[in-house]
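J.: The listed protein sequences derive, respectively, from chains A and B. If you read the first sequence in my numbering, its first letter stands for residue 1, the second for the next number, and so on. If you read the second sequence in my numbering, its first letter stands for residue 1, the second for the next number, and so on.
For the record, the hints were derived by calculation from the structure and aren't laboratory data. Treat the hints loosely; a few may be bogus.
BS3-like mimics (lysine-lysine), calculated; alpha carbons at most 27 Å apart, straight line [what the hints assert, rightly or not]:
#, chain 1, residue 1, chain 2, residue 2
1, B, 127, A, 362
2, B, 362, A, 301
3, A, 74, B, 301
4, A, 127, A, 74
5, B, 74, A, 362
Restraint-style ranges between C-beta atoms, simulated for each label pair [said to hold, decoys possible]:
#, chain 1, residue 1, chain 2, residue 2, range
6, B, 214, A, 134, 39 to 49 Å
7, B, 99, A, 91, 37 to 47 Å
8, B, 397, A, 464, 26 to 36 Å
9, B, 99, A, 393, 23 to 33 Å
10, B, 119, A, 378, 27 to 37 Å
11, A, 100, B, 374, 34 to 44 Å
12, B, 397, A, 101, 48 to 58 Å
Please read all numbers here as calculations on a predicted model, not as lab measurements. The beta carbon of each residue, even a glycine, is placed where N, CA and C say it ideally should be.
2 protein chains.
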Amino acid sequence: MADPLRDDLDTGKPVIEEGMGLREGVVREVLDALDQNDTARIEELVEPLHYADTADLLEQLSPGDRRLVVAILKPLLEPDTIAELDEAVRDEVLDLLDTEEVASVITELDSDDAVELVADLEPEAQKAVLSAVSDSERVMLEQGLAYPEDSAGRMMQRDVVAVPSYWTVGEIIDHLRAAEELPDDFYDLFVVDSKYRPVGTIPLSRVLRTVRAISVGEIMESDRELNTIPAMTDQEDVAHLFRQQNLISAPVVDEDGRLLGVITVDDVVDVIDEEHEEDLMRLAGVSEADTFRAVLETTRKRFSWLLINLGTAILASLVIGAFAATIEQAVALAVLMPIVASMGGNAGTQTLTVAVRALAMKELTPANAMRVIIKEVIVGGINGILFAFIAAAVAGVWFQDLNLALVMAIAMVINMLVAGLAGTAIPLGLAMRGIDPAIASAVFLTTVTDVVGFFSFLGLAAWVLL
Amino acid sequence: MADPLRDDLDTGKPVIEEGMGLREGVVREVLDALDQNDTARIEELVEPLHYADTADLLEQLSPGDRRLVVAILKPLLEPDTIAELDEAVRDEVLDLLDTEEVASVITELDSDDAVELVADLEPEAQKAVLSAVSDSERVMLEQGLAYPEDSAGRMMQRDVVAVPSYWTVGEIIDHLRAAEELPDDFYDLFVVDSKYRPVGTIPLSRVLRTVRAISVGEIMESDRELNTIPAMTDQEDVAHLFRQQNLISAPVVDEDGRLLGVITVDDVVDVIDEEHEEDLMRLAGVSEADTFRAVLETTRKRFSWLLINLGTAILASLVIGAFAATIEQAVALAVLMPIVASMGGNAGTQTLTVAVRALAMKELTPANAMRVIIKEVIVGGINGILFAFIAAAVAGVWFQDLNLALVMAIAMVINMLVAGLAGTAIPLGLAMRGIDPAIASAVFLTTVTDVVGFFSFLGLAAWVLL
Numbered sequence: 001m002a003d004p005l006r007d008d009l010d011t012g013k014p015v016i017e018e019g020m021g022l023r024e025g026v027v028r029e030v031l032d033a034l035d036q037n038d039t040a041r042i043e044e045l046v047e048p049l050h051y052a053d054t055a056d057l058l059e060q061l062s063p064g065d066r067r068l069v070v071a072i073l074k075p076l077l078e079p080d081t082i083a084e085l086d087e088a089v090r091d092e093v094l095d096l097l098d099t100e101e102v103a104s105v106i107t108e109l110d111s112d113d114a115v116e117l118v119a120d121l122e123p124e125a126q127k128a129v130l131s132a133v134s135d136s137e138r139v140m141l142e143q144g145l146a147y148p149e150d151s152a153g154r155m156m157q158r159d160v161v162a163v164p165s166y167w168t169v170g171e172i173i174d175h176l177r178a179a180e181e182l183p184d185d186f187y188d189l190f191v192v193d194s195k196y197r198p199v200g201t202i203p204l205s206r207v208l209r210t211v212r213a214i215s216v217g218e219i220m221e222s223d224r225e226l227n228t229i230p231a232m233t234d235q236e237d238v239a240h241l242f243r244q245q246n247l248i249s250a251p252v253v254d255e256d257g258r259l260l261g262v263i264t265v266d267d268v269v270d271v272i273d274e275e276h277e278e279d280l281m282r283l284a285g286v287s288e289a290d291t292f293r294a295v296l297e298t299t300r301k302r303f304s305w306l307l308i309n310l311g312t313a314i315l316a317s318l319v320i321g322a323f324a325a326t327i328e329q330a331v332a333l334a335v336l337m338p339i340v341a342s343m344g345g346n347a348g349t350q351t352l353t354v355a356v357r358a359l360a361m362k363e364l365t366p367a368n369a370m371r372v373i374i375k376e377v378i379v380g381g382i383n384g385i386l387f388a389f390i391a392a393a394v395a396g397v398w399f400q401d402l403n404l405a406l407v408m409a410i411a412m413v414i415n416m417l418v419a420g421l422a423g424t425a426i427p428l429g430l431a432m433r434g435i436d437p438a439i440a441s442a443v444f445l446t447t448v449t450d451v452v453g454f455f456s457f458l459g460l461a462a463w464v465l466l
Numbered sequence: 001m002a003d004p005l006r007d008d009l010d011t012g013k014p015v016i017e018e019g020m021g022l023r024e025g026v027v028r029e030v031l032d033a034l035d036q037n038d039t040a041r042i043e044e045l046v047e048p049l050h051y052a053d054t055a056d057l058l059e060q061l062s063p064g065d066r067r068l069v070v071a072i073l074k075p076l077l078e079p080d081t082i083a084e085l086d087e088a089v090r091d092e093v094l095d096l097l098d099t100e101e102v103a104s105v106i107t108e109l110d111s112d113d114a115v116e117l118v119a120d121l122e123p124e125a126q127k128a129v130l131s132a133v134s135d136s137e138r139v140m141l142e143q144g145l146a147y148p149e150d151s152a153g154r155m156m157q158r159d160v161v162a163v164p165s166y167w168t169v170g171e172i173i174d175h176l177r178a179a180e181e182l183p184d185d186f187y188d189l190f191v192v193d194s195k196y197r198p199v200g201t202i203p204l205s206r207v208l209r210t211v212r213a214i215s216v217g218e219i220m221e222s223d224r225e226l227n228t229i230p231a232m233t234d235q236e237d238v239a240h241l242f243r244q245q246n247l248i249s250a251p252v253v254d255e256d257g258r259l260l261g262v263i264t265v266d267d268v269v270d271v272i273d274e275e276h277e278e279d280l281m282r283l284a285g286v287s288e289a290d291t292f293r294a295v296l297e298t299t300r301k302r303f304s305w306l307l308i309n310l311g312t313a314i315l316a317s318l319v320i321g322a323f324a325a326t327i328e329q330a331v332a333l334a335v336l337m338p339i340v341a342s343m344g345g346n347a348g349t350q351t352l353t354v355a356v357r358a359l360a361m362k363e364l365t366p367a368n369a370m371r372v373i374i375k376e377v378i379v380g381g382i383n384g385i386l387f388a389f390i391a392a393a394v395a396g397v398w399f400q401d402l403n404l405a406l407v408m409a410i411a412m413v414i415n416m417l418v419a420g421l422a423g424t425a426i427p428l429g430l431a432m433r434g435i436d437p438a439i440a441s442a443v444f445l446t447t448v449t450d451v452v453g454f455f456s457f458l459g460l461a462a463w464v465l466l
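Okay, chain A solo, but in the shape it has when bound (with noise of 0.2 Å):
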């Protein structure tokens, strides 16, 4: 295969978007070859693609052209691949292989990756599959099941390289040399004390760099750089913990300290990506990231939001219904309010979503929420204060109205503060409570800066107007 890499080296320039991973003219030429019912040039284009060009490829198809193109790949079809999909393609893809199929691509993936699409199976598919694995392959499973979905339990690789304190060097080499069993990478060895507890680490470059004579108990790391992770610690405090403290591996502790596998990082850069992502949704208003979904099903899952979002704005409205006469005798005050409204939402967005990151990177805490609160309404101030200035001359330019240019400079400035107080208040308050601050959010603060928008401008109006 041309590496694409080498192709815009050779041209010298910097590689962008196509150059990294699945080049884009490779789905177009699958395609191509689907329209001509040239099975063996799908074979040829799919056959040297790394397992996660392979699953991008499956990704970007439609699901009509992707179930030909996996019955034509089935038997190239590597499980790594499979267990890289995205949710959604993956529950398509398994529905076109049979029981015997899922079972024997569960038995060649890594223990974590494996439990992972079990869990992910229908109830009665997810029987037939347990059933069809050998017994030990099914004990590894039923274990993994039994770990809270989100925990250190599930994250975890059952195989892992354990040693003890008073082995040398050339022991832990020699044992690497003679080991059947291994996991297929790693990076560090635990040391573990004689009840199979973890009481250092050993990182590979460590062992590689010291003499055979040395024993384990000398070049450990242990005490505060040792990093044990109980199994029902939640998957986004495993990721924080390998953030924090640039970790490649580490070691999975049941309730007595016993060593139970490993976490490695690449599946912490997925659970990052993740946590990530399920910000970003929430804050939007959906519930996952959809892309791959079908139509009924996103649409589906998108309505709840928007009949949430649909109550707020009718409860603004109802606001505004209550100055209708007021509106009546001055229809320039229908014409502005939305600047009012709009501003405090937005204002409280961007405090919002300042926020719910800070929270979720754990750099607000209590230690320093009311500071984070005070600055927020303080900002909020000054910049109700500007665009106050601003929108009372747009408003007083274009109605000639001094009262109601003096209307909307007090109403902006009440607005964008209750915009910053509303911004961090709410996710802080939610996060107290242990609901996740990203996902109710928005729609309080949107329903706050729309009924006090609405509100403060259109009862000062009233008030000064008539």
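Let chain A serve as the given structure and place chain B on it in line with the hints.
T.: Structure of chain B alone, referenced to chain A:
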């Protein structure tokens, strides 16, 4: 030090927030000690902390407290702690150190962290620091600074372990045991040809499980599994490659394909966090996460986005103003019009967020763009019809006016269709023109949904009702 993980293990509870990383209590204890001027106590509290925990601690303090604590801790402050700080906080801390101190911090850091730190200094300070370090260090820093920000050349660590393909495993082990200058941690060996071009990779775990006599050529991974990264590659593409292929480290090469350095996954995790943050912030109209920025700077940075928003809000008001006469005759229109605009804005934001995310993850590509746009328009249309019924019922019951309900229904369908179309077409169009779809999409989108929402509702009303 009491291990917080172990404490939690003892109570049998899953570890939550405070269990991982910096304990909440430490911040309070440091503040208490500061109140009592107890510098010994502060040193005692901070000394056992992981460098990343010390960084978190400093971030949590107010600027005033931070100055005091840094003054006390100066001799204890690890260079890695400073590298780990949020940029805004790091600038503050570096201001408290003199040139000699900054130079010594830089000399101790890994080359990638050192370059990043020097790059963030003011030109004056940068010059001073560069003349205070050793010649070899200065050359290394200047080479690093020559690469564009956010490029692979900036991210890479210069120290790298390269071996020729004719070596045996035994020779590698002997070399590593004897070598004096090795990176602190490394995970892969890079096999190079006579021109120092990478031709393969060997994970350390493979070296360790292989007997001495085997040659490098027999155990290295090459061809499709070799991912060399040109130094000018954008960090976003680097992150994509690592994420997609579950890499731990990858070699960086110059235009001639010669090995320059190595990028490790821990730096990629930082890039992933940074890119995610950028997307999230830009969608909300914040130039960057500003939790740790000063009030005035935060105010100024948010002002410009709010000013743009004011412009678009005024545009929407102009549309309303064009129908002032219509509203004067039926004030119910003023009450109901925000509902149509708001529903369009929210439906559009859902679509937009999914599209921006899919573009960032390279799931939305030219190959499936048209399919995604069509899907989103259909989703918008279906939800538009559903909400047309609901909103029409609300309007009809509230104002006892069938025509008004009809206008509401038609305007709702139009705006939701437009929202689906604009929510995908805008970010796609921006991305195709090389503009970050996150940064400018939201303002375009809400302008479109507001203008279309008000225009279709009021325009239809003017036509049907009057």
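J.: Residue 127(A) and residue 74(A): Cα distance at most 27 Å?
T.: Given pair residue 127(A), residue 74(A) holds - Cα atoms ~23 Å apart, limit 27 Å.
J.: Just tell me: holds or violated, for the beta carbon distance of residue 397(B) and residue 464(A) against 26 to 36 Å?
T.: Given a distance of about 33 Å, which is inside 26 to 36 Å, the answer is holds.
J.: For the pair supplied as a hint, residue 127(B) and residue 362(A), is the alpha-carbon distance within the 27 Å limit?
T.: violated (35 Å)
J.: Below or equal to 27 Å on CA atoms is what counts here, so check residue 74(A) against residue 301(B).
T.: violated (53 Å)
J.: Assuming the hint says 48 to 58 Å, is it satisfied by the Cβ distance from residue 397(B) to residue 101(A) or not?
T.: About 56 Å separates the Cβ atoms of residue 397(B) and residue 101(A), which means 48 to 58 Å holds.
J.: Quickly compare the C-alpha distance for residue 74(B) and residue 362(A) to 27 Å and report which way the hint goes.
T.: Distance ~25 Å between residue 74(B) and residue 362(A) Cα, so the pair holds.
J.: Within 39 to 49 Å or not, the Cβ separation of residue 214(B) and residue 134(A)?
T.: Cβ of residue 214(B) to Cβ of residue 134(A): about 32 Å, so the range 39 to 49 Å is violated.
J.: Starting from the range 37 to 47 Å, see whether the pair residue 99(B) and residue 91(A) falls in it by beta-carbon distance.
T.: violated (59 Å)
J.: With 34 to 44 Å as the target window, see if residue 100(A) and residue 374(B) comply at their CB atoms.
T.: holds (37 Å)
J.: With the threshold set at 27 Å, check whether the alpha-carbon distance from residue 362(B) to residue 301(A) stays at or below it.
T.: Given pair residue 362(B), residue 301(A) holds - Cα atoms ~23 Å apart, limit 27 Å.
J.: Kindly confirm whether 27 to 37 Å is satisfied by the beta carbon distance between residue 119(B) and residue 378(A).
T.: holds (31 Å)
J.: Please test the hint of 23 to 33 Å on the beta carbon pair from residue 99(B) and residue 393(A).
T.: Violated: the Cβ-Cβ distance is about 49 Å, outside 23 to 33 Å.
When each numbered hint is compared with the structure, violations occur for hints 1, 3, 6, 7 and 9.
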